[in-house]
Amino acid sequence: MQKKTGGISTGMLSWLLQRLSGLFLVYALAVHLWTVHVVDSGRLNWEVITTRLQDGSSWTIYYLLFIPAVVYHAFNGMWGIVLDYDPPAAWRRPLLGLFWIMGVALLTYGYVGIRPLLGGP
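In terms of the numbering used here, the sequence shown is residues 1 to 121.
Be careful, since some hints might not be right.
Label pairs and their in silico Cβ distance ranges [unchecked claim]:
id, residue 1, residue 2, range
1, I101, E47, 34 to 40 Å
2, D40, T10, 38 to 44 Å
3, G56, G22, 24 to 30 Å
4, P88, L25, 19 to 25 Å
5, P94, V48, 42 to 48 Å
6, V82, W34, 32 to 38 Å
7, A90, V48, 48 to 54 Å
8, I81, V112, 38 to 44 Å
9, A90, E47, 50 to 56 Å
10, V39, L98, 36 to 42 Å
11, T108, V38, 28 to 34 Å
12, G42, A90, 52 to 58 Å
13, V48, G120, 18 to 24 Å
14, P94, Y63, 29 to 35 Å
Calculated directly from the structure, the hints in this document are not laboratory data.
Everything numeric in this text was worked out from a predicted model, so none of it was measured.
Ideal Cβ placement from N, Cα and C applies to all residues, glycine included.
Assemble the whole structure, with the sequences as input and the hints as a guide.
Quick look at the structure:
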């Protein structure tokens with residue numbers, strides 16, 4: 001049985017967030033390809049990327065949204081695959097906990113990795 005969250009089941013919320021994160025990732029990929037291959041064609045290097053991120057532009061927001069979208073989309077998709085194989089009920093909670101730990105670890109790693117580019121220590 002699925003839990004209800006304010007009138008919407010958690011399965012439906014997961015389904016909706018998977019679609020929304022997927023749409024955002026399609027947009028992010030289009031922006032990335034346009035920027036790398038059209039706008040900055042031939043002049044993209046570490047200095048250009050660092051300057052772009054440190055000037056407080058929308059690129060900062062882009063990456064701060066991109067990292068959790070990728071992590072959520074990936075782990076929610078893998079969780080859906082796990083559920084398709086219908087694991088025993090005793091395995092579900094530990095597997096979900098493992099996914100949460102890995103997701104939070106990757107999110108932290110992503111933000112720690114991008115922090116110097118944003119001008120942080």
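Please name the hints from earlier in the document that this structure breaks, with their numbers sorted from lowest to highest. Those not satisfied are hints 4, 8.
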